[in-house]
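Okay, here's what each chain looks like letter by letter:
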Amino acid sequence: MELLRLITAGSVDDGKSTLIGRLLYDSKNIWIDQIEQLEKISKTRKTTQIDLALLTDGLRAEREQGITIDVAYRYFSSPRRKFIIADAPGHIQYTRNMVTGASNSELMILLIDARQGVIEQTRRHSIIASLLKIPHIVVTINKMDLVDYSENRYLEIIRDYQEVASRLGLPDVHFIPISALGGDNVVNHSSNMPWYEGPALLPLLEEIEIRRGDTLEQSRFQVQFVLRPQTDDLHDYRGYAGQVSGEAFKKGDAVRVLPQGLASRIAKLEHHGKEVEQAEPGHPAVIHLEDDLDIGRGDLIVRAGEEPLVTKSHEAVICWMDEKPLVTGNKYLLQQHSRLIKTAVREIAYRINVNTLDHETGIEKLELNQVAHIRLQTAGPLAYDTYEQSKATGSAILIDETSNRTVAAVLFLHPQAVDSTH
Amino acid sequence: MSDYRIDHLKELEAESIYIMRETAAQFERPALLFSGGKDSITMVYLAIKAFSPAPIPFPLVHIDTGHNFQEALDYRDALAARTRSRLIVRKVEDTIREKNLTEPRGKFASRNWLQTHTLLDTIEEFKFDACLGGARRDEEKARAKERIFSVRDEFGQWNPKLQRPELWNIFNGRIHKGENVRVFPISNWTEIDVWNYIRQENIPLPTIYFSHEREVISHEGQLIAVSPFITLEESDTRLIKKVRYRTVGDMTCTAAVESQAKTLNEVIEEILSSRISERGETRIDDKQTEAAMEDRKINGYF
Chain A
1 MELLRLITAG SVDDGKSTLI GRLLYDSKNI WIDQIEQLEK ISKTRKTTQI DLALLTDGLR
61 AEREQGITID VAYRYFSSPR RKFIIADAPG HIQYTRNMVT GASNSELMIL LIDARQGVIE
121 QTRRHSIIAS LLKIPHIVVT INKMDLVDYS ENRYLEIIRD YQEVASRLGL PDVHFIPISA
181 LGGDNVVNHS SNMPWYEGPA LLPLLEEIEI RRGDTLEQSR FQVQFVLRPQ TDDLHDYRGY
241 AGQVSGEAFK KGDAVRVLPQ GLASRIAKLE HHGKEVEQAE PGHPAVIHLE DDLDIGRGDL
301 IVRAGEEPLV TKSHEAVICW MDEKPLVTGN KYLLQQHSRL IKTAVREIAY RINVNTLDHE
361 TGIEKLELNQ VAHIRLQTAG PLAYDTYEQS KATGSAILID ETSNRTVAAV LFLHPQAVDS
421 TH
Chain B
1 MSDYRIDHLK ELEAESIYIM RETAAQFERP ALLFSGGKDS ITMVYLAIKA FSPAPIPFPL
61 VHIDTGHNFQ EALDYRDALA ARTRSRLIVR KVEDTIREKN LTEPRGKFAS RNWLQTHTLL
121 DTIEEFKFDA CLGGARRDEE KARAKERIFS VRDEFGQWNP KLQRPELWNI FNGRIHKGEN
181 VRVFPISNWT EIDVWNYIRQ ENIPLPTIYF SHEREVISHE GQLIAVSPFI TLEESDTRLI
241 KKVRYRTVGD MTCTAAVESQ AKTLNEVIEE ILSSRISERG ETRIDDKQTE AAMEDRKING
301 YF
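Line order of the protein sequences matches chains A and B.
If you read the first sequence in this note's numbering, its first letter stands for residue 1, the second for the next number, and so on.
If you read the second sequence in this note's numbering, its first letter stands for residue 1, the second for the next number, and so on.
None of these hints come from the bench; they were simulated from the model.
Keep in mind that a hint or two might mislead.
Cβ pair distances, simulated, as ranges [to be verified]:
id : chain 1 : residue 1 : chain 2 : residue 2 : range
1  : B       : Ala81     : A       : Asp13     : 22 to 30 Å
2  : A       : Glu323    : B       : Thr237    : 43 to 51 Å
3  : B       : Asn100    : A       : Glu206    : 28 to 36 Å
4  : A       : Ala304    : B       : Glu269    : 46 to 54 Å
5  : A       : Gln278    : B       : Ile276    : 55 to 63 Å
6  : A       : Asp232    : B       : Glu220    : 23 to 31 Å
7  : A       : Gly305    : B       : Arg86     : 42 to 50 Å
8  : B       : Ser218    : A       : Val226    : 31 to 39 Å
Covered stretches of chain B, as calculated for chain A (at least 3 residues, CB under 8 Å) [what the hints assert, rightly or not]:
id : stretch
9  : 16–26
10 : 51–59
11 : 67–81
12 : 115–129
It should be emphasised that the depicted structure is a prediction, and the values quoted were computed from it without experimental measurement.
Each residue gets a CB set at the ideal place from its N, CA and C atoms; glycine is no exception.
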């Protein structure tokens with residue numbers, strides 16, 4: 001069985017919670033005691049129908065205010081796939097939560113209210129999907145019951161959205177007319193819209209051929225942990241534990257260790273303590289090198305001839321996630337998976353308006369939820385690929401050293417100017 | 001193209017191993033909270049894989065409420081010995097005595113709340129900066145919103161509104177003095193994933209997970225084992241039933257399920273055809289209020 005991680009985008013008013021509730025309910029992924037609890041709550045709130053949206057309300061504060069504040073994760077499965085839904089709030093003040101949920105998603109379900117069509121929020125969610133390189137978008141046009149299941153209205157919205165999609169260069173977009181409240185085209189095909197011949201949402205989610213976001217055809221392995229048991233029987237054992245991304249590594253491969261630029265060869269590969277000939281992407285592995293080198297956590301092992309960028313000055317798109325604004329010149333810690341290094345923000349090249357995609361220049365500060373193209377300088381050289389090539393090696397976070405909070409998501413771009421130190 | 005597909009259990013396993021290695025690398029004194037239940041057993045087996053051939057680089061910590069199933073305690077001791085892990089046991093009983101705490105009363109007086117006191121004392125005693133726990137997000141709705149690296153203040157409190165964004169698989173474990181992190185490596189596993197993994201990996205379980213005869217009473221439709229820890233009333237009828245446990249917690253708040261399932265395959269089949277959730281079927285402590293778990297987590301529970 002395969003795993004599909006997806007994010008739902010849309011506000012409470014678009015019926016997002018109802019849609020998720022409907023997916024879980026109609027695919028029989030809800031337990032009886034959960035339904036009983038819903039009935040009980042619905043009764044005390046004097047509503048007649050079971051409110052499926054209540055299934056996805058998590059925290060008391062959210063229930064009291066009737067809104068979603070934080071990303072919640074939902075799990076359900078069909079005979080063909082296991083799904084993890086990141087349920088993120090849609091309003092602009094929660095852009096950071098949406099970016100968080102989108103960072104691990106391979107598909108976005110984008111809700112559009114059939115009465116309203118493509119609105120500012122639709123554009124913003126699509127921009128986030130394109131920034132974070134979510135490979136598949138499923139546009140669900142909801143509340144079709146409120147527009148008399150009109151095919152013309154559906155086609156009109158598709159035309160409007162295709163303009164957005166082509167401007168952003170979204171690679172794979174699907175459209176489905178639905179009514180989450182009535183369950184039309186969610187799990188089962190709707191008899192209210194005989195003109196729609198495509199699949200309902202769940203069958204589409206089950207059958208879509210999932211593309212991982214990465215296009216990298218090179219082998220990468222960042223050292224997470226140096227295994228040195230120093231026990232009697234394993235006295236001289238020294239292995240580098242981490243996870244392979246990109247392409248597989250093979251025993252005997254000539255490698256480079258970055259940023260130092262050290263050369264060696266793979267002497268031995270292990271997977272769960274057993275020796276293997278090849279270490280596959282997406283799997284944990286332990287690498288042993290032929291030479292005794294000074295290698296530690298955060299160093300990047302790559303195949304010789306496949307070196308990524310190694311530089312001290314970087315261009316990146318960032319999403320600011322902290323209440324304290326980003327100020328040009330400030331210093332932060334940059335965490336690129338297992339690499340931690342000091343960094344300074346040299347310049348905000350421009351801010352990206354997440355509603356229009358316009359570039360706004362002359363910016364000195366970035367506020368919570370704002371997205372910008374910035375220039376960074378790190379205390380030492382850093383090895384990475386662009387985010388477009390690889391989420392595994394092209395992403396990082398910024399940490400405020402004084403509060404320890406995660407303050408930004410960093411997506412590396414190709415630097416325009418080559419660093420003279422390398 | 002990295003268009004590789006891997007089986008979902010392999011993918012979950014890789015994610016959990018990645019998280020465990022991050023924990024070992026980022027913290028000075030991590031510990032694995034071991035309850036004797038199937039989730040924490042799965043965690044120990046994942047840790048073995050993550051660090052093999054080296055031993056697991058953190059101790060197993062058991063907060064013993066004194067209301068445990070003997071089978072789970074025996075299993076715990078054998079597992080620690082076999083994996084050559086350091087086992088730290090701290091007893092709620094001792095905390096109650098030393099701190100003069102009030103024992104909860106009632107028919108099924110549960111020490112679940114008191115556990116938190118012992119846990120926080122243990123964290124302080126050993127200066128643990130990270131505690132690995134086997135909680136899953138599918139268990140309960142407050143858990144669905146918790147991060148994989150969940151920062152707690154010196155009182156162990158969870159602040160749901162001040163959670164750090166968790167992006168990609170980048171885990172920020174930086175903390176101030178006195179704070180600690182609860183790490184949940186199997187956050188993204190569901191109950192059935194755990195069972196399937198146990199089957200796939202041939203992981204042995206305590207015998208109470210399989211059908212056995214036990215003396216129980218029936219309370220609001222749930223079967224509770226007769227033990228010295230619950231107070232029987234005259235109206236209670238002692239019954240001998242063939243039961244198994246779907247979760248293993250304290251004897252006072254874990255209900256048994258009537259079952260003939262003697263093998264893992266039979267247990268998995270029964271769970272797949274069950275229409276009741278894990279916590280709903282087996283826990284009597286989550287039913288009190290809609291926000292029972294949220295409240296406990298805010299107060300330092302894992």
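Hint-by-hint comparison with the structure:
1. For Ala81/B paired with Asp13/A, a C-beta distance near 58 Å fails the hint of 22 to 30 Å.
2. For the pair Glu323/A and Thr237/B, the supplied restraint of 43 to 51 Å is violated, since their beta-carbon distance comes to about 59 Å.
3. Distance hint check: the CB atoms of Asn100/B and Glu206/A are about 58 Å apart, inconsistent with the given range 28 to 36 Å.
4. Taking 46 to 54 Å as the suggested C-beta distance range, the pair Ala304/A and Glu269/B conforms, at roughly 51 Å.
5. As the Cβ distance of Gln278/A to Ile276/B is approximately 44 Å, the hint placing it in 55 to 63 Å is violated.
6. As the Cβ distance of Asp232/A to Glu220/B is approximately 56 Å, the hint placing it in 23 to 31 Å is violated.
7. Judged by the Cβ atoms, the range 42 to 50 Å given for Gly305/A and Arg86/B holds: they are separated by roughly 45 Å.
8. Checked against the hint of 31 to 39 Å, the pair Ser218/B and Val226/A fails, with Cβ atoms roughly 55 Å apart.
9. Evaluation of the coverage hint for the stretch 16–26 of chain B: fulfilled, as 6 residues show C-beta separations to chain A shorter than 8 Å, against a requirement of three.
10. Residue count for the stretch 51–59 of chain B with a Cβ under 8 Å from a Cβ of chain A: 5. That meets the three needed, and the coverage hint holds.
11. Coverage of the stretch 67–81 of chain B by chain A is violated in this model, with 0 residues showing a Cβ closer than 8 Å to a Cβ of that chain against a need of three.
12. Figure legend: the stretch 115–129 of chain B, annotated as covered by chain A; annotation inconsistent (0 residues with Cβ-Cβ distances under 8 Å, at least 3 required).
Violated hints, listed in ascending order, are 1, 2, 3, 5, 6, 8, 11, 12; each of the other numbered hints is respected by the structure.
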